[in-house]
Amino acid sequence: QREFDIVDSAKTLMYTTRAVPGTLAWFDVLGPGSCGKYEDLRLRVQVDLARRTWIVYRYNKPLFVGQKSAMKVTSTKSDQSYELYKTACITVSWSRYVAVAARYGPPPLSS
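In my numbering, the protein residues as written are 46 to 156.
In short, the hints are calculated from the structure, not lab data.
Pairs of lysine-lysine residues, derived as DSS-like cross-links and limited to a Cα-Cα distance of at most 25 angstroms, are as follows: (1) 113 - 131; (2) 106 - 117; (3) 106 - 131; (4) 117 - 131.
When you get a sec, could you build the whole thing from the sequences and use the hints?
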């Protein structure tokens with residue numbers, strides 16, 4: 046199951062997650078403006094079947110100047126195209142008690 050509503054302590058909707066059609070484990074994170082529709086896309090999370098590696102992409106917004114998009118996707122709901130930019134990779138241990146998160150950033154400056 047990949048579809049949840051995330052609320053704050055006052056039960057105000059903050060985010061919604063929705064399964065990505067045609068995938069077994071990927072999901073999108075939508076902002077509160079979506080109201081169940083794909084209008085406020087925030088993140089796409091690519092998850093492997095073992096649920097150990099999670100790659101997080103941001104819609105249409107690079108993290109740093111010059112970052113190239115990792116992939117281009119087209120919404121089946123609106124036929125709109127989006128660029129996805131890698132933001133982080135999360136690796137979960139087999140025990141599920143430890144995870145390592147690595148953020149993507151600009152390449153190092155050459156000396």
